[in-house]
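Note that the protein sequences, when read in sequence, are chains A and B. With the working numbering applied, the first sequence covers 1 to 874. With the working numbering applied, the second sequence covers 875 to 1115.
In short, the hints are calculated from the structure, not lab data. Backbone N, C-alpha and C fix where the C-beta goes; we use that ideal spot for every residue, glycine too. Hints are supplied without guarantee of correctness; some may be wrong.
Stated by the list, open to error - Which bits of chain B does chain A cover? Going by a derived footprint, with three or more residues having C-beta under 8 Å, they are: (1) 938-948; (2) 978-985.
What the hints assert, rightly or not - Which stretches of chain A does chain B cover? Using the computed rule of at least three CB atoms under 8 Å from a CB of chain B, they are: (3) 487-494; (4) 512-520; (5) 779-791.
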Amino acid sequence: MISRESMLREEMASGFSFVPFDLPLFPVNRIDSPLPESDALTLPAPFLRWFAEKGWRPRAHQLELLSRAEAGQSTLLIAPTGAGKTLAGFLPSLVDVTRRGKLPPGSAFVGIHTLYISPLKALAVDIERNLLKPVNEMGLPVRIENRTGDTPQGKRQRQKLNPPDLLLTTPEQLALLIADGEAERFFKNLRYVVLDELHSLVTSKRGHLLALGLARLRRLAPGLKTIGLSATVAEPMELQRWLVGQFPDKESHAGLITVSGGAKPEISILRAESHVPWAGHSARYAIPDVYAAIKEHGTTLLFVNTRSQAEMLFQELWTINDDNLPIALHHGSLDVAQRRKVEAAMAENRLRAVVATSTLDLGIDWGDVDLVVHVGAPKGASRLAQRIGRANHRMDEPSRAILVPANRFEVMECQAALDANYIGAQDTPPVGKGALDVLAQHVLGMACAKPFDALQLYDEITTAAPYADLSWETFERVVDLVATGGYALRTYERYARIRKTKEGLWRVSNPMVAQQYRLNVGTIVESPMLNVRMVKRNARGSLGRGGISLGKVEEYFLEMLSPGDTFLFSGKVLRFEGIRENECLVSQAFSFDPKVPSYAGGKFPLSTYLAAQVRKMLADPLRRATLPDQVRDWLALQGDVSMLPREDELLIETFPRGSRHYMVTYAFEGRLAHQTLGMLLTRRLDRAGLKPLGFVATDYSLGVWALDDLGAAFRARAPSLAQLFDEDMLGDDLEAWLNESFLLKRTFRTCAVIAGLIDQRHPGKEKTGRQVTVSADLIYDVLRMHEPDHILLEATRNDAAAGLLDIGRLGTMLKRIKGHITHRRLDRISPLAVPVMLEIGREAVQGEAQDFLLTEAADDLINEAMGAGLHTDG
Amino acid sequence: MHRLVHATSAPATSAFFQARTTVNGVAAICDPLGGLFLPDAGTLVVSDLHLEKGSAFARRGMMLPPYDTLATLRILEAIVARHNPGTVISLGDNFHDRTGSAAMPETFRLMIAAMARGRDWIWINGNHDPDGASGLPGASMDELRHAGLIFRHEPSKADGLGEVAGHLHPSATVRRREKSVRRACFATDGKRLLMPAFGVTTGGLDLRHRAMSGLFDRQQLVAHMMGRDRIYSVRFANLLG
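Turn these sequences into a full structure, and let the hints guide you.
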């Protein structure tokens, strides 16, 4: 008999690189068989009985995590999907509560024992289901409940009065719970916080809010331990630090248990017979092959990057679904009830395929999925690893996955991602510095819970890793922002939301403030969405009322529609009838061919890692040779007509087309960085008098067009490309552009909502997204004009630089290509330039160009040569 | 906000683009700063200033920047200087709420007093400020007949011949090359004219919204849209719904 110690010793010796999963170390099905002494010491009898009945035994890392937790250590467990991570995370809690036993009726209030936080509501619900099964089978005296935004008010109230032992919830619910007056009582006996999918929880503003919540929990329950569960990440130490309180003079971090291994997934790239398109994201060409794959497998999950791609794929599959296979659709814009139905059907294995977006991301258990199809480029190797992991929750069997590139560049990207998966490369984004708008929200929440002492709260907040470097001055400014808006013009003292009492504590001015806080909690600011409602036309042709609600759609999308246009939503072709109040009215369209293609661009920019891989592939004839024929021929032609850039080389092509001159830059740095580059380059070209008219950015390249011959200008060094691409564009040009950029407005809106300057919702007064958008833009303008150093503008600039503009990445690129720019002056478009040229006309219009369009519209009127009474003056 | 930059940084005499129109036969100029000038009467009309909107929100717990009043008044100063009108009509919703005019800081009060010096100043009452302006120069009233036109805050249900009104904050959208641009606008069919909202933190309502239905003869309706520094005139039929 191999003891637990000897097993662990083996693992240690091999650096935890290999764990003998499910080895028949304890292949006995008899309750009375002797147990290894160590297990008997660790696990209470019901657990041992259960394992024995199942013929299973706990895995080494599960026991290791348990013993570390019992020794009072916080721990990060990194393990691939299927390694029993979830059970490992809950084992310490289940064991501890079982030892304590059921509380006799009438005992004093104990509060919750364990808090489980997941990034997704659906995941919290799912975990409850999966956890209840063994808990019931073992007959453990453990109460488990979930609490999400969907939990009815009555149940929430009951949970506060009579809390379960294990509460499964989301970061937003935690924020609400700690802002409650009863938080102290509720959490005082909290032993464990289990954080699932930690790698994805920590990287956003949501992660910042959660880190602050955790700091508060540590104060309410000083003995509390954290258990982080994560997929493989590049920097585990960042997560280890995140899990425990940080203090100025001492490095502290959680322990680490790493489980690697699992069978290598079998991934292939779809090689369709038909023509792979040059550009676009629909992957329509591959539908028959995808359908064939669905037929060959039991249950298939099809992932796409955006909602509209999901709609399109779903529609196309049903068009050829001659066998009437049960194929369903699942994305975040659909009605909740509809989503739950699909989830339930999936769990019961009643579906053959589900087309889904990232709402189904992360570790949800989806029954017996045996194939994952990923349509479109995976945009980032770690996302891919996640999604492939879904296919199979048993580690010893390989997962099956098919990648379906939507265009030729994506073929290369898929190949790169495929290579990345094999070598286990990860590019999870870093935790980042704690956002100030999130801090403002938290500060208000803490005032709602109980009057706070500023110094004490500052000390608490700086124990949260993202805020460890927060200065006292900045903290004071944030408190001021919460109290009166933080304006230099101090006119709002009498309206302050929080005030300092005589005792020097900050307290909320009135109950309405707390109510407002509760309605606005969270960091996910939705882009303005309108409800989509199906209506019928009556006999007279006018629209009826009160049809079923199909879900929500982004307002910007509707702005492109005219009544009568048809579009895809909720798997149906719908006719846009108009907007009434805050709803988008639609009717059934009797057509299978939607007129308006929805935006199908990838939301997730190409990761740095994959971009580098694609550049390598372009430069390397051997790697190019592994690509499908169509793509290889395309690249070969590019080599003949122009050239294929070396890995460290920046290729710029110029060529005339129609009455315009084009310049295409192959930077491979992702759409966001290219957009920023496009804005800055056009400013510079404009200054050089070359009359740039516009630009379009894709993940791979940037196209700029102008009236003047750009190629001739670069040849004559007026300006030279080295000057044009000099790093100094990130100085004044960036500053000047930022100041009038619409991107900043959008970012500001998010910051203003999170910081509580603008309500997302207001008691009794539902604002539409549009109203919020408009006022946020106007507020931004006024604030920038009168108080450019305001803390929210600072927060906005920080956010934009890091996120939307990808300035860091652009800077690295400009440095890298210095002295490595190659200009090809062509007399016509090159094969490599085709994809970006096909994107022209799809981008949203910005800034100056808006007035240009207005001029065009107004010129029409002038051309109409209207009668007297109307002419444009000046 | 280019309107704001324009008003405060460019000299009032610099070239600007405005649109001429007529309302019930009365000549009128749509100024890109957001006001309507009637050259024959020497009258300037502005609407929906929504002064003290920031503080109105602050009272309810939303700490919007306290600079909106100043910004709006600066533009008002610029447009008054540009046209040097004998009469100024502010067409209602002059203040964001009833307490606005009484609670307005002294500095702003002085700015208004300076602008009103030597002119007739009319505050038309709006739904946000039905009680009139308090402690400010000029007269408050519900409506005014002047220069062959009738001025009121909310457009009437009647045919509206010669009516100049505000209240609805009209805006319009044009679509070109599959892209759309939305701007505040003056809207007129030659009989009635709706004013754009003048206040810097006021939003807009699309001309196709049902609140606008029945107000205009859509065959004749033109949206004079506010660009950065000029007016763009677009027929209703060419607007995006």
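To see whether the hints hold, each was checked on the structure:
1. 938-948: Result for this restraint: holds, n = 7.
2. 978-985: violated (count 1)
3. 487-494: holds (count 4)
4. 512-520: holds (count 3)
5. 779-791: Since 9 is at least three, the answer is holds.
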